[in-house]
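From first to last, the protein sequence lines are chains A and Z.
If you're matching positions, the first sequence starts at 1 in the working numbering and goes up one per residue.
If you're matching positions, the second sequence starts at 1 in the working numbering and goes up one per residue.
If you are wondering where the hints come from, they were derived from the structure by calculation, not from laboratory data.
Bear in mind the structure is a predicted one, so any value in this text is a computation, not a measurement.
One should not assume that every hint holds.
To be verified - With a cut-off of at most 25 Å between alpha-carbon atoms, the simulated SDA-like pairs for lysine to any residue come out as follows:
{"id": "1", "chain 1": "Z", "residue 1": "K4", "chain 2": "A", "residue 2": "E269"}
{"id": "2", "chain 1": "Z", "residue 1": "K138", "chain 2": "A", "residue 2": "I569"}
{"id": "3", "chain 1": "A", "residue 1": "K561", "chain 2": "Z", "residue 2": "N141"}
{"id": "4", "chain 1": "A", "residue 1": "K347", "chain 2": "Z", "residue 2": "S58"}
{"id": "5", "chain 1": "Z", "residue 1": "K4", "chain 2": "A", "residue 2": "S270"}
{"id": "6", "chain 1": "Z", "residue 1": "K111", "chain 2": "A", "residue 2": "P373"}
{"id": "7", "chain 1": "A", "residue 1": "K360", "chain 2": "Z", "residue 2": "S58"}
{"id": "8", "chain 1": "Z", "residue 1": "K110", "chain 2": "A", "residue 2": "P614"}
{"id": "9", "chain 1": "A", "residue 1": "K551", "chain 2": "Z", "residue 2": "T49"}
{"id": "10", "chain 1": "A", "residue 1": "K330", "chain 2": "A", "residue 2": "L357"}
{"id": "11", "chain 1": "A", "residue 1": "K554", "chain 2": "Z", "residue 2": "N178"}
{"id": "12", "chain 1": "A", "residue 1": "K551", "chain 2": "Z", "residue 2": "G68"}
{"id": "13", "chain 1": "A", "residue 1": "K298", "chain 2": "A", "residue 2": "E311"}
{"id": "14", "chain 1": "A", "residue 1": "K551", "chain 2": "Z", "residue 2": "S140"}
{"id": "15", "chain 1": "A", "residue 1": "K165", "chain 2": "A", "residue 2": "N125"}
{"id": "16", "chain 1": "A", "residue 1": "K3", "chain 2": "Z", "residue 2": "E176"}
{"id": "17", "chain 1": "Z", "residue 1": "K179", "chain 2": "A", "residue 2": "H599"}
{"id": "18", "chain 1": "A", "residue 1": "K273", "chain 2": "Z", "residue 2": "T67"}
{"id": "19", "chain 1": "A", "residue 1": "K351", "chain 2": "Z", "residue 2": "S140"}
{"id": "20", "chain 1": "A", "residue 1": "K559", "chain 2": "Z", "residue 2": "S58"}
{"id": "21", "chain 1": "Z", "residue 1": "K138", "chain 2": "A", "residue 2": "L563"}
{"id": "22", "chain 1": "A", "residue 1": "K621", "chain 2": "Z", "residue 2": "K143"}
{"id": "23", "chain 1": "Z", "residue 1": "K143", "chain 2": "A", "residue 2": "R590"}
{"id": "24", "chain 1": "A", "residue 1": "K360", "chain 2": "Z", "residue 2": "S140"}
{"id": "25", "chain 1": "A", "residue 1": "K347", "chain 2": "Z", "residue 2": "C69"}
{"id": "26", "chain 1": "A", "residue 1": "K621", "chain 2": "Z", "residue 2": "N141"}
{"id": "27", "chain 1": "A", "residue 1": "K616", "chain 2": "A", "residue 2": "Q575"}
{"id": "28", "chain 1": "Z", "residue 1": "K179", "chain 2": "A", "residue 2": "A49"}
{"id": "29", "chain 1": "A", "residue 1": "K390", "chain 2": "Z", "residue 2": "K110"}
{"id": "30", "chain 1": "Z", "residue 1": "K179", "chain 2": "A", "residue 2": "P373"}
Said to hold, decoys possible - Listed next, the stretches of chain A that the computed footprint assigns to chain Z, with coverage defined by at least 3 CB atoms under 8 Å from CB atoms of chain Z:
{"id": "31", "region": "242-253"}
{"id": "32", "region": "369-380"}
Each residue gets a CB set at the ideal place from its N, CA and C atoms; glycine is no exception.
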Amino acid sequence: MKKLGNVLISPYGSTEIVMGNTAIVRGMIESGVRVVTSYPGSPTPEIAAAITAIPKDKNPLYFEFSTNEKVATEVAFGASINGHLSTVFFKSVGLNVAADTFVQLGHMEVIGGMVIVLGDDPGANSSQNEQDNRHYARLAYLPMLEPSTPTEAYTMFKEAAQLSKKRCMPVILRMTTHVCHAKENVTFSSWTPLPLDHSSCFNVDNGPYIPLTTKLVLPLKRRALEKLAQFSVDADTSSLNTIINNNNPLYGIITMGAPFQSLQDVVEESSLKPDILKLGIIHPLPKYLVADFIRQHKEVKILEELDDFIEQQVKALAYDQGISTKIIGKQDYEDWLNEYTPEKVYKILQKTWPHLLPNKKNAAPFLHWSPRPAQLCPGCGHRSAFHAIKQALDPNDITVADIGCHTLGIMEPYHMGQVLLCMGHSCGTAAGLSLFNNSRKVVAFLGDSTFFHAGLPGIINAVFNHHNFTLILLDNGTTAMTGHQSHPGVGYNVNGPTEKIPIRQVLNGIGITNIREIDAYAQNHLTEAAKAALTEKGFKIIIAKHPCMLKLMKEHHAKGKPLPSPVEITDDCNQNYACISGFACPTFQRNDEGAIVVHKDLCIGDGSCKQTCPTKAILHKHPTKEGNS
Amino acid sequence: MPVKMDIYIIGVGGQGIGLLSEVIIRAADYAGFPVRGTDTHGLAQRGGTVSSCVRIGSHAHSALIQTGCADLVIALEKNEALRGLNSHLRDGGTLIYYDTQWQPLQVRLKKERLLKSEDISAACQYRSILEYQIVPTKLSNPKMQNIALLASIAKHNKIPGITPLHYELALNDLLEGNKLDNNLSLFRSLIAAL
Chain A
1 MKKLGNVLIS PYGSTEIVMG NTAIVRGMIE SGVRVVTSYP GSPTPEIAAA ITAIPKDKNP
61 LYFEFSTNEK VATEVAFGAS INGHLSTVFF KSVGLNVAAD TFVQLGHMEV IGGMVIVLGD
121 DPGANSSQNE QDNRHYARLA YLPMLEPSTP TEAYTMFKEA AQLSKKRCMP VILRMTTHVC
181 HAKENVTFSS WTPLPLDHSS CFNVDNGPYI PLTTKLVLPL KRRALEKLAQ FSVDADTSSL
241 NTIINNNNPL YGIITMGAPF QSLQDVVEES SLKPDILKLG IIHPLPKYLV ADFIRQHKEV
301 KILEELDDFI EQQVKALAYD QGISTKIIGK QDYEDWLNEY TPEKVYKILQ KTWPHLLPNK
361 KNAAPFLHWS PRPAQLCPGC GHRSAFHAIK QALDPNDITV ADIGCHTLGI MEPYHMGQVL
421 LCMGHSCGTA AGLSLFNNSR KVVAFLGDST FFHAGLPGII NAVFNHHNFT LILLDNGTTA
481 MTGHQSHPGV GYNVNGPTEK IPIRQVLNGI GITNIREIDA YAQNHLTEAA KAALTEKGFK
541 IIIAKHPCML KLMKEHHAKG KPLPSPVEIT DDCNQNYACI SGFACPTFQR NDEGAIVVHK
601 DLCIGDGSCK QTCPTKAILH KHPTKEGNS
Chain Z
1 MPVKMDIYII GVGGQGIGLL SEVIIRAADY AGFPVRGTDT HGLAQRGGTV SSCVRIGSHA
61 HSALIQTGCA DLVIALEKNE ALRGLNSHLR DGGTLIYYDT QWQPLQVRLK KERLLKSEDI
121 SAACQYRSIL EYQIVPTKLS NPKMQNIALL ASIAKHNKIP GITPLHYELA LNDLLEGNKL
181 DNNLSLFRSL IAAL
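Here chain Z stands alone, though its shape is the one from the complex (with noise of 0.2 Å):
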């Protein structure tokens, strides 16, 4: 099946948007499709806005998806979810995000108004969007909140032509022992309950 898809993907510095993209891209190639991507990680640092990209077809050529021209944005956070929908998300298209919340420091200094879960259904619904929230669940450790992320987009398909075992072949390529277990427990756990 042939298949087209730009995916950015963006979060906040230390939430794992590496992994969850070098996930996706490698379980694209296991799929068969044609795939490139980059990060954007310049610094080491964390705390800032980190964005990816995967492109996913034989159309893509550079590694960066144009502004305004993404199929599907995933965020590991809802302030970053707003900010990856403003500014890579094309109309029509579809958002996934965790709904966890990192107050960028404006937010915190009581510059700027705190972000409502409905501030962002109301941009998606101006833009037919679809909007997929993820309720944070209860997790051994908050660095897996990227598999719980995959775990919802294998389950309901969001990139067609990757099944949840191709994204686990990717899982086996990246990490190996405790992690590994702990990564796919979670993530068939949740493919099962979702």
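With the rest of the complex left out, here is chain A (with noise of 0.2 Å):
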């Protein structure tokens, strides 16, 4: 087997298939990074899986899972000004937890440099949103850099490492999903491992780094413009921006990041292909190169995936410079709609110069054909704790969501939860939905990692402010969505074993009394616990248990552990169907003559089912002591 951790160590150059995420490791090894921070999410956790899968012992880099993406910017800016290049990367909508730290990074001197790799998701993939990061560089003044390869991400994470220690300022390296995801051959060059440094350069003199009122705040943002103006200086004569000419004086095209590869893709189809401007650095935006660029043609489109971020930079410059070319930007909302797919871009180009591309015959006609979305896994306590709170409540009652596994929860057929916004608004949310409010019983979830990630504050304010709803805490010991990443609750993080943070002392430091603590397979005694706490007064939180089963079985697993037999289903089925109908664990098929027929595949022997069957005709051989309610 090739040890992934070996080749990022290697000091030899090499050829390797990796993915967008772990090519950049290797560009932040090469670079001398020292200190790397994240929060998991999509699409940015196989960056974390790359720096763990390096040997302990010969890991040039320190990281860390924070508690949220807030902290992890602080930690990588404090471990910046003390002389050590850092780096942190996190999903798109952490950099709104991020935002209040992000937004002064600008401002501030950082000596050792320092890279901020977003994960934007552009089609919501995986995200709530697929909001447009590009405004942040903007808001904060900071320069942006856009692979679209995986080649691309190593060295241009390698050129922002540079340029960030050069200027003394961090910069951001913007991935879009199909980068980080994108796999293909990396040519890495050779490394001379250096001796860790140990010394503290944090020195106020390098500073200021204390942003207060007019006198100290205005000429730290002035630092910051003259820095960023800099850095346009050199935006325009950068490799990372490259102009593909093919000798056309009609058309041009201006784009960054996936929808480039798109673009090429298309083009092959085109007779009368257009000149292409390629832009790796895309705040700020290289004005000479792009004016240039538009004064050689007639008509410049602006293929940019989401909103219309250089379109507005473009022709304001175009009426800066009194250039007379026609910019086409977004056309109508389809465009600044979901990924720049191949298809998408010619659907674009088709729209935009009508016989450029020839007219493709129909793809193949799409049948619909049943949907598929993710779904609990056999097992899984939240499926359990789902279908016995769903027993206490009115169908007029209101349930908030949160984000993690539990969020499926809001699928068919649980309904749990009718609101979604981000991490940790459940409470929040909650609360407002229970004043003025006497008839409909409010009810929250939350995971155990989110808990500690920006659950806390919602749950001081139901305290606080005294207000009236139950949350229901799903802990399943882990960030299972992500793919399993330690939370300060687990008792270990990436490094080593921790002092456990138990939850449940967490609130009762609080001054949080009324809570009740039951294993999710205990479906009775969480049906009864949640009739109880609706009924009283207050802030109320039941905490429903249990190990996330995947997680758990890849253990036993690993360690050859025999695994529970699966159920079986006796003559005594009367096809009531509730085991699919209300459970709904995908273990449950049904054949062609409509019975119910447990699929040994899938089913863990987990016996958390067998309560569910008003006849009983759930056979369980081997009970786990979970599952004996």
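Using the hints, put the two chains back together into the complex; each one sits in its own frame.
Below you can see the structure in the form of structure tokens.
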């Protein structure tokens, strides 16, 4: 087996098939990054997987999952003003959490250098929106680079690190989902490991680092603007921006990132290829380069995913410089939406210049077939919890979802969770829903990792302001949705064992006494507890606890532990279908005759289903301790 | 030999699509072909549709295959075979699918009918698609269905220019210990037997 960790720290150059997320880690090592921080979120968790694949004693990177993206940004910032090159990475919406810290960074002299890696998610493949984080670069006066392939992710990371150190300003590397996850051969350079430097270089003379009141803030902002202007000069001659010259005086296209790759696929089919200006530096705009390019064409299309970030600037530039080129940006709302995949780019180009591309025969007819959204795993404690809590609720009651695996409770047939904003919103939103509301009970859901990430302020607010709702804390002992990362409650971090921070005691410390803690498999107890809590006044918490079974089964499998045998359906089954229509474990399938059958490849023998059958027709031969309620 | 082939792999989260796709990418690389690809694995959650694109040849810039443009669709499950066939396979392309069934919720809830192998055959016939149905064999571990499928692809030379040896080299890159031994021995025995 090729050991990824060894490949990443090899002093020799090599060519490897890696995804964009992995390529960045080699970039970190070659650049001399020392401190890396993050909070897990798609599409970036594989960056952490690559870092932690490096043997501990040989890893030049200190890495941590911080409690949230804001803290992660602060840790990376602190390391950098102490002289150590740092990197923080997280998903698109993570930047909203980090924003309070992030917007200050341009004002600061980050002497060690700092690269901020963002995993934006056009198409909202795994996020609650498809926000365009390029706007944040402008808001914070920070440069932003955008790669379109894993190879570019690797080279641009190194360039970002170098530029950041040179200008003592953070540089953002903006990735998008299918650049993070694209795989290709990437050629790595050689690398000479340097001894780890433990010196502390923090010095207030490098600052000031205290931005307070007009007198101090304005000079810092002025310096940020000056640095950005200098960066813009560099951008004009940077090799990160490239022109593909097809000798077309009529048509030019300005694009960047993944849409550039899509565009190249699409123009393969064109006999009249437009010239292409591919931007690698997307903020600040390389003004001379762009002005020259638009001047040389009769019409220029701005092909950019999501918002009209570049379009606005290019149009302003053309106006300022009196350039009469026709600049074509977004033409309808569709152009603002979704990933710019090759087929989307094809449609956009056809709309822009109808004669440029051959008319495609219609793609294969898309016959409808049953959708298969993500679902809770067999044996998932959340399924038991949702099934039990649902029995305690009136259909008129209001349920508030949060982010995590338990978000899947919103789906058929559970329908637990009717409103969702973002990480940790549930307690705040539930509090608001409970005001001027005498008739409908309010229930909020929250996961254990999110509890530490952004859940606590909402919980403390519920105590502080005497709110009246029930919180179901779904505790599966891990950050499951993003691939089982640790959190402060589990007793270890990526570097080794830690003291557990027990959720129950944290809640007690806040002064919450109305807490019930129940194994999520104990469905009857959970239903009774929920019924009781819902009749009580004030803020009540039920901790529905069960380890993530996907994680547990993987651990058992790795240790060679035998798994319990699958459940069986006995002759008592009267085809009531409660196991499918209410509990809906994917294990239960139906055969041609309509009988329930257990899918042996799926059932993990947990037995949490047994109690859901009204005719007791589910036979569980090896009941687990938790499953016997 | 210049190869140009777009391969769309589809299945249910938890079936090992990621491994299968990376084995094919690496095998193509060992065979000396330019190759790129991507998984759609936003959520580490199992149970939803998961797909992967593998693009062999210098024509490929984007890692994504356009709908209706794949030369080969490899499906690890029957319902996903129909989905992949409908969404990505070109007319006259090839479908290889492992004939196991993980029923989607709507089917289990009786809101939609059960899919039959004949449905897939009819769709293939209508669009001149070559169909290979892999009938499940008894496996010691259902997680190795992806390797059983890989053995069929190798045996029938469905990706021209990539030999069983290339696939084995790729497996060697990605697995170790018992897992490697088990997968390699299954791969070899199926190639010998098929």
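Tested hints:
1. Pair hint K4(Z) plus E269(A) holds up; C-alpha atoms about 15 Å apart against a cutoff of 25 Å.
2. For the hint linking K138(Z) to I569(A), the alpha-carbon distance of about 22 Å falls within 25 Å, and the restraint holds.
3. Restraint check for K561(A) and N141(Z): the C-alpha separation of about 14 Å stays at or below 25 Å, so the hint holds.
4. At roughly 23 Å between alpha-carbon atoms, K347(A) and S58(Z) fall within 25 Å of each other, so this suggested pair holds.
5. Between K4(Z) and S270(A), the direct Cα distance comes to roughly 19 Å. Compliance with the 25 Å bound is thereby established for this hinted pair.
6. Of the pairs offered as hints, the one joining K111(Z) and P373(A) holds, with about 16 Å between alpha carbons and a cut-off of 25 Å not exceeded.
7. Distance restraint check for K360(A) and S58(Z): the Cα-Cα separation of roughly 21 Å lies within the 25 Å cut-off, and the hinted pair is therefore satisfied.
8. This hinted pair checks out: K110(Z) and P614(A) have alpha carbons roughly 20 Å apart, not beyond 25 Å.
9. Proximity of K551(A) to T49(Z) is assessed by CA-CA distance (about 20 Å); at most 25 Å being required, the pair is judged to hold.
10. Between K330(A) and L357(A), the direct Cα distance comes to roughly 19 Å. Compliance with the 25 Å bound is thereby established for this hinted pair.
11. This hinted pair checks out: K554(A) and N178(Z) have alpha carbons roughly 15 Å apart, not beyond 25 Å.
12. Restraint check: the Cα-Cα separation between K551(A) and G68(Z) comes to about 37 Å, which exceeds 25 Å; the hinted pair is violated.
13. Among the hinted pairs, K298(A) with E311(A) is consistent with the structure: their alpha-carbon atoms are about 16 Å apart, no more than 25 Å.
14. A C-alpha spacing of about 21 Å is found between K551(A) and S140(Z), which places the hinted pair at or below 25 Å, so the restraint holds.
15. Between K165(A) and N125(A) the alpha-carbon distance is near 34 Å, which puts this suggested pair outside the 25 Å criterion.
16. Between K3(A) and E176(Z), the direct Cα distance comes to roughly 10 Å. Compliance with the 25 Å bound is thereby established for this hinted pair.
17. Restraint check for K179(Z) and H599(A): satisfied, since their Cα atoms lie roughly 24 Å apart, inside the 25 Å limit.
18. Our distance criterion of 25 Å between C-alpha atoms is met by K273(A) and T67(Z), whose separation comes to about 23 Å.
19. Of the supplied pair hints, the one linking K351(A) and S140(Z) is violated, its CA atoms being roughly 54 Å apart against a limit of 25 Å.
20. Our distance criterion of 25 Å between C-alpha atoms is broken by K559(A) and S58(Z), whose separation comes to about 43 Å.
21. Only pairs whose Cα atoms come within 25 Å are accepted, and K138(Z) paired with L563(A) is accepted, the gap being roughly 19 Å.
22. Restraint check for K621(A) and K143(Z): satisfied, since their Cα atoms lie roughly 23 Å apart, inside the 25 Å limit.
23. Between K143(Z) and R590(A) the alpha-carbon distance is near 22 Å, which keeps this suggested pair within the 25 Å criterion.
24. The straight-line distance between the Cα atoms of K360(A) and S140(Z) is roughly 47 Å, outside the 25 Å bound, and the hint therefore fails.
25. Distance restraint check for K347(A) and C69(Z): the Cα-Cα separation of roughly 15 Å lies within the 25 Å cut-off, and the hinted pair is therefore satisfied.
26. For the proposed pair K621(A) and N141(Z), the alpha carbon gap of about 21 Å is at most 25 Å, so the pair holds.
27. For the proposed pair K616(A) and Q575(A), the alpha carbon gap of about 12 Å is at most 25 Å, so the pair holds.
28. Straight-line distance between C-alpha atoms of K179(Z) and A49(A) comes to about 20 Å, which keeps the hinted pair within the 25 Å bound.
29. Distance hint between K390(A) and K110(Z) is fulfilled; the C-alpha atoms sit about 22 Å from each other, no more than 25 Å.
30. Taking the CA atoms of K179(Z) and P373(A), the gap is about 30 Å. The hint is violated against a cut of 25 Å.
31. Coverage of the region 242-253 of chain A by chain Z is violated in this model, with 0 residues showing a Cβ closer than 8 Å to a Cβ of that chain against a need of three.
32. Counting residues of the region 369-380 of chain A whose beta-carbon sits less than 8 Å from any beta-carbon of chain Z gives 9, enough to reach three: the coverage restraint holds.
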